[in-house]
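Residue numbers (the numbering used here), protein chains in the order written: chain A, 5 to 264; chain B, 16 to 659.
If you are wondering where the hints come from, they were derived from the structure by calculation, not from laboratory data. On a predicted model such as this, the values are computed, not experimentally measured, just so you know. Worth double-checking, as some hints may not be accurate.
Only pairs whose alpha carbons sit at most 27 Å apart, straight line, appear in this in silico DSSO-like list of lysine-lysine [to be verified]:
#1 LYS413/B - LYS88/A
#2 LYS33/B - LYS46/B
#3 LYS319/B - LYS413/B
#4 LYS33/A - LYS21/A
#5 LYS652/B - LYS30/B
#6 LYS57/A - LYS510/B
#7 LYS395/B - LYS157/A
#8 LYS413/B - LYS326/B
#9 LYS643/B - LYS30/B
#10 LYS413/B - LYS102/A
#11 LYS518/B - LYS21/A
#12 LYS21/A - LYS510/B
#13 LYS57/A - LYS560/B
#14 LYS502/B - LYS488/B
#15 LYS88/A - LYS395/B
#16 LYS342/B - LYS312/B
#17 LYS643/B - LYS267/B
#18 LYS555/B - LYS502/B
#19 LYS518/B - LYS57/A
#20 LYS555/B - LYS57/A
#21 LYS659/B - LYS342/B
#22 LYS267/B - LYS555/B
#23 LYS312/B - LYS326/B
#24 LYS33/A - LYS518/B
#25 LYS267/B - LYS502/B
#26 LYS16/A - LYS88/A
#27 LYS322/B - LYS312/B
#28 LYS331/B - LYS312/B
#29 LYS643/B - LYS546/B
#30 LYS199/B - LYS501/B
#31 LYS633/B - LYS21/B
#32 LYS21/B - LYS33/B
#33 LYS102/A - LYS322/B
Okay, the calculated beta carbon distance ranges per label pair [stated by the list, open to error]:
#34 THR106/A - ASN398/B: 29 to 35 Å
#35 GLY347/B - PRO199/A: 41 to 47 Å
#36 LYS599/B - PRO156/A: 55 to 61 Å
To spell it out: a stretch of chain B is covered by chain A in this simulated footprint if at least three of its residues, at any positions, have a beta carbon under 8 Å from a beta carbon of chain A; those stretches are [claimed, not checked]:
#37 73–83
#38 180–194
#39 403–413
#40 570–580
The beta-carbon is built from N, C-alpha and C at its ideal position, and this holds for glycine as well.
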Amino acid sequence: MSTNGNMNLTLKVWRQKNAQSEGSMVTYKADGISPDMSFLEMLDVVNEDLIHKGDDPIHFDHDCREGICGMCSLYINGQPHGPKRAITTCQLHMRSFKDGETITIEPWRAAAFPVVKDLAVDRSAFDRIQQAGGYVSVNTGGVPDANEIAIPKVIADEAFNSATCIGCGACVAACKNASAMLFVSAKISQFALLPQGQPERYSRAQAMVAQMDEEGFGSCTNTGACEAECPKEISLTNIGRMNNDYLSAKLFRQEDVNRG
Amino acid sequence: MILDAKIPAGPLAEKWSKHKFNLKLVNPANKRKYNVIVVGTGLAGASAAASLAELGYNVTAFCFQDSPRRAHSIAAQGGINAAKNYRNDGDSVYRLFYDTIKGGDYRAREGNVYRLAEVSVNIIDQCVAQGVPFAREYGGLLDNRSFGGSQVSRTFYARGQTGQQLLLGAYSALNRQIHEGKVKMYTRTEMLDVVVADGKAQGIITRNLITGAIETHAGHAVLLATGGYGNVFYLSTNAMASNVTAAWRAHKRGAFFANPCYTQIHPTCIPVSGDHQSKLTLMSESLRNDGRVWAPKTPELAQKLRKGELKVTDLKEEDRDYFLERKYPSFGNLVPRDVASRNAKEAVDEGKGVGGSGVAVFLDFAESIARLGEDTVRAKYGNLFDMYMQITDENPYKVPMRIYPAVHYTMGGLWVDYNLSTNVPGLYCLGEANFSDHGANRLGASALMQGLADGYFVIPYTLGDYLATIGPKAIDTNNPAFAQTKKDVTDRIEKLLALRGTKTVDEYHRELGHIMWEYCGMARTEDGLTKAKGLIASLKADFWKNAIVLGENEEFNSSLEKAGRVADFIELGALMVEDALQRKESCGGHFRVESQTEEGEALRDDDNFAYVAAWEYKGEDVPEVLNKEPLVYENVKLTQRSYK
Chain A
5 MSTNGNMNLT LKVWRQKNAQ SEGSMVTYKA DGISPDMSFL EMLDVVNEDL IHKGDDPIHF
65 DHDCREGICG MCSLYINGQP HGPKRAITTC QLHMRSFKDG ETITIEPWRA AAFPVVKDLA
125 VDRSAFDRIQ QAGGYVSVNT GGVPDANEIA IPKVIADEAF NSATCIGCGA CVAACKNASA
185 MLFVSAKISQ FALLPQGQPE RYSRAQAMVA QMDEEGFGSC TNTGACEAEC PKEISLTNIG
245 RMNNDYLSAK LFRQEDVNRG
Chain B
16 MILDAKIPAG PLAEKWSKHK FNLKLVNPAN KRKYNVIVVG TGLAGASAAA SLAELGYNVT
76 AFCFQDSPRR AHSIAAQGGI NAAKNYRNDG DSVYRLFYDT IKGGDYRARE GNVYRLAEVS
136 VNIIDQCVAQ GVPFAREYGG LLDNRSFGGS QVSRTFYARG QTGQQLLLGA YSALNRQIHE
196 GKVKMYTRTE MLDVVVADGK AQGIITRNLI TGAIETHAGH AVLLATGGYG NVFYLSTNAM
256 ASNVTAAWRA HKRGAFFANP CYTQIHPTCI PVSGDHQSKL TLMSESLRND GRVWAPKTPE
316 LAQKLRKGEL KVTDLKEEDR DYFLERKYPS FGNLVPRDVA SRNAKEAVDE GKGVGGSGVA
376 VFLDFAESIA RLGEDTVRAK YGNLFDMYMQ ITDENPYKVP MRIYPAVHYT MGGLWVDYNL
436 STNVPGLYCL GEANFSDHGA NRLGASALMQ GLADGYFVIP YTLGDYLATI GPKAIDTNNP
496 AFAQTKKDVT DRIEKLLALR GTKTVDEYHR ELGHIMWEYC GMARTEDGLT KAKGLIASLK
556 ADFWKNAIVL GENEEFNSSL EKAGRVADFI ELGALMVEDA LQRKESCGGH FRVESQTEEG
616 EALRDDDNFA YVAAWEYKGE DVPEVLNKEP LVYENVKLTQ RSYK
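For reference, chain A alone in the conformation it holds in the complex (with noise of 0.2 Å):
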């Protein structure tokens, strides 16, 4: 196809037929790349050439490619999500590229995250934490008024920012010890914060840390590197917020765990 671009680059990308196969790193021309396309439409651009040969496409995961649905997961020369800040991958356009440059490309490296197959992963793990207890128990009808209780501007404002997660995984990718503390103190912070949350607190806080060590991720050691390439910036205050949590459940609130 054409795509009337000036830049030529070099790929190195992993390559894995499924969970069960040994994967490695295979290289690829991408010529002809503008500047003007995002990074995904530069793999669809190689994708495309493949299938014109025969060759199997390369498989990543990718669906809103407008930064919101959190499917995308390319650890791109070292980094999640590429060299620019508080963006996914499919945010990143090729400007952020120099011409003849060899660009690496892997999945996200997590014992947690197994790879499904090329640089796609399985993130089912996020999901069975977020079972655990990543809720408020209503059930639908029967509550009360949206106006009922007043919440502070500053507090909603705070909730909110733990709450834009997308829930991509960058954070564990990130960190040397493939911690998800990051994205499980997100979600118990947007809750702890508001009122709404208050009745599971510190059950919720201890199930879904239970959760997260039984789904074999790393320990924090406050290196900081999750807040850095989280692409909504999400803040290692968050972090605090759930230590505080989960150690008064531990120490003075068991009463509160066992009846939540």
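Model the placement of chain B on the given structure of chain A, informed by the hints.
Relative to the frame of chain A, chain B by itself:
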């Protein structure tokens, strides 16, 4: 065939409460004996699955994404309407109902729309109770804004991420039921057919996208909440994998497809930058509050701009045509979405388009920046300007933005009655996938409202009536329909995998998109549509001969996934064209060039076209049959829209 919408009799405001009382209930002890299948986990699907599980039914839910949280509802920006009247500015259930009927250009059902407005208030209560962090005022109460040309402030929002926050709320309710064991969730699993046995929907056939396993799932009812079909245009604001396959497969098993030609095209999107473009990005239409839309006065000037011989900032004021302000002096740049979009297309068609491709017009903030100062403009639109800069590498504080309309939402979908049941008993359809509430044009902030209304507050009532009628007897999967449907699915996969031609599936998809956009997009003519019919027929024949589908079924195979979806889009495209041909009037998003007022505006023909067009599938390569459901208006008076 007579289409019975089952709208309850009686005064508008009493229909839903009376109907709820008349619906049969399922004994609480019997609920666990029923299995309900929910396909799709966006706002409609996740809210339905969670609410039905809370009632005690066993639910099996499916999504093709790797997590239910990634359904495309997540990308909705603006907000959700609710007739709370928290502002004391004259809102009411009746006003929301009226605005929605009028906004849909009088092509939606009164009964459905009134119910939607009625339950809108419960949605906000529910979401707040779940911990959805809506925007608040300093006093701690919920904030509202006006949206989409509404005269009251009834839109609740969570910064520019309302869809995400509402979906995470529904996802959390769904997670709780998964934890309780009441919902069995299948991710990365795509529905490929519905099993209709003895005239009732009793199950689905799915494909595991990782292993390729083809599986049968039985249920007492099947709920499709599988979203819209905007990707038939290839380029749209939809997510890459959004598709029509579930709805289209159901259609081919007997469910009527209603008003497929009603599509919404949003005016303020970032234009296409080249052939490689994979999707389009929308920017909030609030930009038109301060931006002025214009194109160069002549094609010659436009060409000079495109070639870089002239800089846009050097173009003299008298060489600019602020065409919306010129043609619509009272509404100016704030005309509704369909009007703004159509006028941008006209300018481009006349050769006055700008940008490298020539398919864009300007949205200019120079005057606002001079009047308000750059800081004020930044405070209002900073995030949108950043997004624009990120994608285009141009600074909209210095040069005008380039915009062009993009496909955004589809009002058509599977035909459903008041109970959200399709004409196939046991098969239900919710959210954007059905056709019911938006008529020929959807108002801003109404999509989220409808998805959640269907899932939280309508289906939990109406489904019980059907389940109580059929009884809790286990589904007999030995019925030959199960094996036959599974065989049909595997046969089709084999047929696709046998295609080792010369053109990629994406190339076909792009070609289909070009045809649809050109002839069944913003302006449609008898000639163009007739031409499109022929083009789509040849495209279909060519696809089944020359497409390349690589690999095998028993693996993660994106090539195969896409092929099945694009094959269905091609067939849907043909039906959209058919529908646009028969509707020889203009209404909402459907503009037939032959039917316009003297001023060039959409002209409805209420005498001949006040009906829902429900298409009935009759077999491969046999023309579909058009069934009409007359639209009866007892409460509102039909009028002509004018924005001069």
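Now the hints, each set against the structure:
1. Proposed proximity of LYS413/B and LYS88/A is supported: the alpha carbons are some 23 Å apart, at most 27 Å.
2. Note on LYS33/B and LYS46/B: the hinted pairing holds, with a Cα-Cα distance of about 23 Å set against a maximum of 27 Å.
3. Our distance criterion of 27 Å between C-alpha atoms is met by LYS319/B and LYS413/B, whose separation comes to about 19 Å.
4. Of the supplied pair hints, the one linking LYS33/A and LYS21/A holds, its CA atoms being roughly 20 Å apart against a limit of 27 Å.
5. The hinted pair formed by LYS652/B and LYS30/B meets the criterion: a straight-line CA distance of about 20 Å does not exceed 27 Å.
6. A distance of roughly 21 Å separates the Cα atoms of LYS57/A and LYS510/B; the hinted pair therefore holds under the 27 Å criterion.
7. Annotation: proposed proximity of LYS395/B to LYS157/A holds, straight-line Cα distance about 19 Å (limit 27 Å).
8. Proposed proximity of LYS413/B and LYS326/B is supported: the alpha carbons are some 12 Å apart, at most 27 Å.
9. Under the criterion of a C-alpha separation no larger than 27 Å, the hint pairing LYS643/B with LYS30/B is consistent with the structure, at around 23 Å.
10. Distance check on the hinted pair: LYS413/B and LYS102/A sit about 26 Å apart at the alpha-carbon level, within 27 Å; holds.
11. For the given pair, LYS518/B sits about 24 Å from LYS21/A by alpha-carbon distance, which is consistent with the 27 Å threshold.
12. Taking the CA atoms of LYS21/A and LYS510/B, the gap is about 24 Å. The hint holds against a cut of 27 Å.
13. Distance restraint check for LYS57/A and LYS560/B: the Cα-Cα separation of roughly 18 Å lies within the 27 Å cut-off, and the hinted pair is therefore satisfied.
14. Of the pairs offered as hints, the one joining LYS502/B and LYS488/B holds, with about 26 Å between alpha carbons and a cut-off of 27 Å not exceeded.
15. Distance check on the hinted pair: LYS88/A and LYS395/B sit about 25 Å apart at the alpha-carbon level, within 27 Å; holds.
16. Between LYS342/B and LYS312/B the CA atoms are separated by roughly 14 Å; this keeps the pair inside 27 Å, and the hint holds.
17. This hinted pair checks out: LYS643/B and LYS267/B have alpha carbons roughly 19 Å apart, not beyond 27 Å.
18. A hinted pair counts as satisfied when its Cα atoms are at most 27 Å apart, and LYS555/B with LYS502/B qualifies at roughly 23 Å.
19. Note on LYS518/B and LYS57/A: the hinted pairing holds, with a Cα-Cα distance of about 11 Å set against a maximum of 27 Å.
20. For the given pair, LYS555/B sits about 23 Å from LYS57/A by alpha-carbon distance, which is consistent with the 27 Å threshold.
21. In summary, the hint linking LYS659/B to LYS342/B is supported, as the alpha carbons are separated by about 7 Å, within the 27 Å threshold.
22. Taken as a hint, the LYS267/B and LYS555/B pair is honoured in the structure, with Cα atoms around 17 Å apart against an allowance of 27 Å.
23. At roughly 15 Å between alpha-carbon atoms, LYS312/B and LYS326/B fall within 27 Å of each other, so this suggested pair holds.
24. This hinted pair checks out: LYS33/A and LYS518/B have alpha carbons roughly 21 Å apart, not beyond 27 Å.
25. The hinted pair formed by LYS267/B and LYS502/B meets the criterion: a straight-line CA distance of about 15 Å does not exceed 27 Å.
26. A threshold of 27 Å between alpha carbons decides the hint, and for LYS16/A with LYS88/A the separation of about 19 Å falls inside it, so the pair holds.
27. For the proposed pair LYS322/B and LYS312/B, the alpha carbon gap of about 16 Å is at most 27 Å, so the pair holds.
28. For the suggested pair LYS331/B and LYS312/B, the alpha carbons sit about 10 Å apart, so the restraint of at most 27 Å is met.
29. The suggested pairing of LYS643/B with LYS546/B holds, with an alpha-carbon distance near 25 Å, which does not exceed 27 Å.
30. Simply put, LYS199/B and LYS501/B have alpha-carbon atoms about 21 Å apart, close enough for the 27 Å limit, and the pair holds.
31. For the suggested pair LYS633/B and LYS21/B, the alpha carbons sit about 24 Å apart, so the restraint of at most 27 Å is met.
32. Between LYS21/B and LYS33/B the CA atoms are separated by roughly 13 Å; this keeps the pair inside 27 Å, and the hint holds.
33. This hinted pair checks out: LYS102/A and LYS322/B have alpha carbons roughly 25 Å apart, not beyond 27 Å.
34. Between THR106/A and ASN398/B the CB atoms are about 34 Å apart, so this pair conforms to the stated range of 29 to 35 Å.
35. For GLY347/B and PRO199/A, the hinted distance range of 41 to 47 Å is satisfied, since their beta carbons lie about 44 Å from each other.
36. The supplied range of 55 to 61 Å is met by LYS599/B and PRO156/A, whose beta-carbon atoms lie about 57 Å from each other.
37. A stretch counts as covered by a chain when three or more of its residues have a beta carbon under 8 Å from one of that chain; for the stretch 73–83 of chain B and chain A the count is 4, and the coverage holds.
38. Given as covered by chain A, the stretch 180–194 of chain B passes the check, having 9 residues with a CB less than 8 Å from a CB of that chain where 3 are the minimum.
39. Counting residues of the stretch 403–413 of chain B whose CB lies closer than 8 Å to any CB of chain A gives 4, which reaches the minimum of 3, so the coverage claim holds.
40. Proximity of the stretch 570–580 of chain B to chain A, defined as three or more residues with a beta carbon under 8 Å from a beta carbon of that chain, is established by the 4 residues found.
Against the hints set out earlier in the document, no violation occurs for any number.
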